[in-house]
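Taken in sequence, the protein lines are chains A and B.
All letters in the first sequence, in the order written, are residues 281 to 1064 by our numbering.
All letters in the second sequence, in the order written, are residues -14 to 145 by our numbering.
If you're looking for bench data, these hints aren't it; they were derived computationally from the structure.
Just so you know, these numbers come straight off a predicted model, no measurement behind them.
Mixed in with the good hints there might be a few duds.
Claimed, not checked - Capping the alpha-carbon separation at 27 Å, the derived lysine-lysine pairs in DSS-like fashion look like this:
{"no.": "1", "chain 1": "B", "residue 1": "K83", "chain 2": "A", "residue 2": "K491"}
{"no.": "2", "chain 1": "A", "residue 1": "K491", "chain 2": "B", "residue 2": "K127"}
{"no.": "3", "chain 1": "B", "residue 1": "K83", "chain 2": "A", "residue 2": "K556"}
{"no.": "4", "chain 1": "A", "residue 1": "K700", "chain 2": "A", "residue 2": "K1057"}
{"no.": "5", "chain 1": "A", "residue 1": "K491", "chain 2": "B", "residue 2": "K46"}
Single-letter residue listing:
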Amino acid sequence: MADVTLTVDGKKITAPAGTLLIDACRKAGIEIPAFCYYPGLSLQAACRMCVVRIEKIPKLQTACTTPVAEGMIVATDTDEIKQSRKAMLQLVLANHPLDCPVCDAGGECELQDMTFKYGAADSNFVDVKNHREEQQWSPVVYFDRPRCILCYRCVRVCGEGMDVWALGVQNRGVSSVIAPNGGDHLDCEECGMCIDICPVGALTSDTYRYKTRPWEMTHVSTICTHCGDGCKTTLGLRSSSDGMEIIRGDNRDKSGINGDFLCVKGRYAFDFANHKDRLTQPLLRNAEGKLVPASWEEALTFAGQRLHEIRDTRGGEQIGVIGSNRATNEESYLLQKFARSVLGTNNIDHHRTADYVSFAKALAGQEQRAASLREAETAPAILLIGGDPTEQHPMLAWNLRTNVRHNRARIYVVNHQEIKLRRQATSFLKISAENYSAFTRFLAGEENSIFGAEATALRETLATEPNLLVIFGSELRGAAIEALVRYGLSLPDTKFACLGDYVNSRGAADMGLYPDMLPGYVPVQQPGAFATEYGERFPAAPGLDLPSMLDVAARGNLAALYVVGSNPVHRYGVAAASLKNTFLIVQDMFLTETALLADVVLPIANLYEKAGTVTNTYGDLQLVRKAADRAGVRTDLELIVRLADTMGADVHALVPFGQGTRADMGQSRGAQSGEADRHAVWLAAQNLEPKLSPFDPSALLDEIQRLIPSYSFSRLELFAGNDQHVQATSKNNALVQISNLSQRPDGVLPSMDTLFTSGTMGRYSSKLTEVHDSRNKEILVAAN
Amino acid sequence: MSIVRDIASVAKGMSITFKEMFEPTQVENYPDGPGPMHGAQFEERFRGQHVLQRDENGLEKCVACFLCAAACPANCIYIEAAENTAEQRISSAERYAKVYNIDYNRCIFCGYCVEACPTDAITHGHGFELASLNATSLVMRKEQLLTAMPAQPTTPTLPK
Ligand code: SF4
Ligand code: SF4
Ligand code: SF4
Ligand code: SF4
Ligand code: SF4
Ligand code: FES
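So that you can see chain A by itself, here it is in the shape it has in the complex (with noise of 0.2 Å):
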């Protein structure tokens, strides 16, 4: 839209016209202050403190409903608008207790800066002030109404942004008040986006009410454990007995992908961590096969020593590993390159959650079309195949509604289930859980219709859409993938998103944890570069995948299996019998199903305490910040090496440390981590690397951006915090051919989870246990 220009204060401003004065000032650098007007939803206009002057309208107007017009001459900081906004605050602090002290807010509260910055601290008003005793309205949402200033973010940021509409008034005027929908407590999404949005202390969360205070913790940006969309959330630290303990996931770094937005897991899940099961120390299975406390010393040596002697007898084919959905790019990296050239083998594999590998393959020679998480808020039109985002992906299912309100984003919907986002969608089509593949099928038109005409007309209708963006879910797999992409192709400018479910399940796929697939997808069969770099232990042939991996060990021929924060003994419904003739060595945090099962338990950290990179399930790469910190249990990456070590492999020739930098970098100090990424940055914008020790994840992700040409991205920009897109493959990658990839079996096993839900780890977090649980006994009492 045309610029227009107007002066406010004295100083000539241009905005496109049509934008919102309030808008328009704060990007020139004006302050004005806001308590409901919040950018992105709709406008309120009722708290008066963006009161302004504007020449030839006789009253004050509200810069938050006002749009920009040419020659607009406005003034915003008066002593008549100065006053008019003290009073505004004072008539707010009528009925507002004198909570600052213990009021969650105090020391982040919008209230407090306003009163301090008009000073309106003194009152005119001698009435009693009117108190209500806090309530509990969900297992993490609290409500102190008294300290409601009627703004009604939160009831906007639910319906509008949330789609839950679970938060309204009631009432009118001075005895309006915020109410649940379901009477005295609420049923909704748990997101917790109406406590974060706030602007006061009236909406608490259980987690971290009356903990502590925000300027006493310790605030680190890191990405969220949880789905793959790969969310960045801040975690607020306090150091406890033990190291550094989290006590807050929130979102008040609003630099990440997820903008605004955090759900459930990204802002409550963490707990975890302090779970009381947490494995603290190894455990090694005694004569009489009890598993019992080892010193670190003892555990690395014998797994080390056995899997050294089962390499040497029984050959590496006989080894198996399996890698994790939850570590890091370049602990999955590792992970195989420990498998390939120290174990020999190229049986390793990983919980598959979607068929990256066809996906890679489908868009192999191609360049910029796979799209970024992003891309799902400013795409024109998007066609979601299968998935069920809000449950899944709850990001790209508020970055979707956050497109159709903002740019009326068409949105056309195919699946199986009477998803949530239909409501948003342009065009529902409702199709059996069998036919996604025929549907591909149908949209490249390689099959006569079974569908009939509402999927014809959708096909007609997308034909006229450019800049289609497809998202399909996992129930598309191999073939399927390969025609939607081939119908993309053929339309202009299409891009694609494939669903995984976890943080790295896109990472663990582009690492190559697969047993036919290098790092980017290079087949096994043809290694090109890795030929060399993975030594003369490296097989030729292509390894055994997970079932068969286990089928194998159930028929007592797997000698050693590794199992790398991951659960397959309960995820692949495996019996405890059939692991028995097999050495296993299993890390995690907790101990799991396939852990009780174990010869050596070693305790690992996640992704909250330690470092590294993370792509989401889109290929945004993005950085890990070690936040948290427990006494007791170590990285994967330094078990892999030291594990290595004791093995006698060459750790210079698995992990390239020693090359940069040496300085002392803080990690050694426990209570003050992120020290390291603090120097990083440093280092990293002096063109100097720290590549310290070998359990330095940079030095490793030097030879991912070596090996793996489409990781290419800043180093600057990824110290910095940003995320970057990274494609699965190259152009000049391109996939080689293999005649019978077609055939491969995807292996995919969705997880399966929903909104309350995350795999076995979920299973540890209290608190996304408690909410599951009471949402189930409200539909139970529903059904009733």
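With chain A held as given, fit chain B with the ligands onto it using these hints.
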């Protein structure tokens, strides 16, 4: 000339000395003086070891707002907050200090904490004999800082 001036100034100085010799003693005879204070005398506003106060019902006044810790220039106050429950009520607000430590190795008795406290919970008492051969004993816990429970908590009398 200069000799006369020198003698005059010495005489002036010595006159003060001799005058003071016959004045009553101002020095406190601490620690050999009489009484429990061993001869020490306090001004009312002397800033000694802190005392954490209780309200008229015997509840702790501290609500764990962390403002004293924030104000303290020596960074010597450590607090852990916890929530009052119906069964266990420690302070009169929602929150109380589960842990409240002052590290007297570092405290400079500036009184900023007292000034910052919104509930008048922390005050300076007159305790000053803090010296110790063991530095760890100088980190005082809440139990050491709290004022004694009033013998009979005064129940507020309701108007009939
Ligand atoms: S909402 Fe803000 S002003 Fe009100 S009691 Fe809490 S901190 Fe104080
Ligand atoms: S937690 Fe989320 S869904 Fe629930 S009321 Fe708040 S904003 Fe709405
Ligand atoms: S609860 Fe908070 S966000 Fe909601 S209206 Fe009150 S002050 Fe605003
Ligand atoms: S949407 Fe996914 S990544 Fe974001 S907070 Fe929720 S679980 Fe975490
Ligand atoms: S007196 Fe001063 S130094 Fe001592 S605890 Fe109080 S604020 Fe800190
Ligand atoms: S921000 Fe404009 S009225 Fe509230």
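| query | Are the Cα positions of A/K700 and A/K1057 separated by 27 Å at most? | reply | holds (21 Å)
| query | When you check the alpha-carbon spacing of B/K83 and A/K556, does it fall within 27 Å? | reply | At roughly 21 Å apart (the allowed maximum being 27 Å), A/K556 and B/K83 satisfy the hint.
| message | Does B/K127 sit within 27 Å of A/K491, going by the straight-line distance between their CA atoms? | response | Distance ~18 Å between A/K491 and B/K127 Cα, so the pair holds.
| query | Do the alpha carbons of B/K83 and A/K491 lie within 27 Å of each other, as the hint requires? | reply | holds (10 Å)
| query | Between A/K491 and B/K46, does the CA-CA distance stay at or below 27 Å? | reply | With Cα atoms ~17 Å apart, A/K491 and B/K46 stay inside 27 Å; holds.
In terms of the numbered hints stated before, the structure departs from none.
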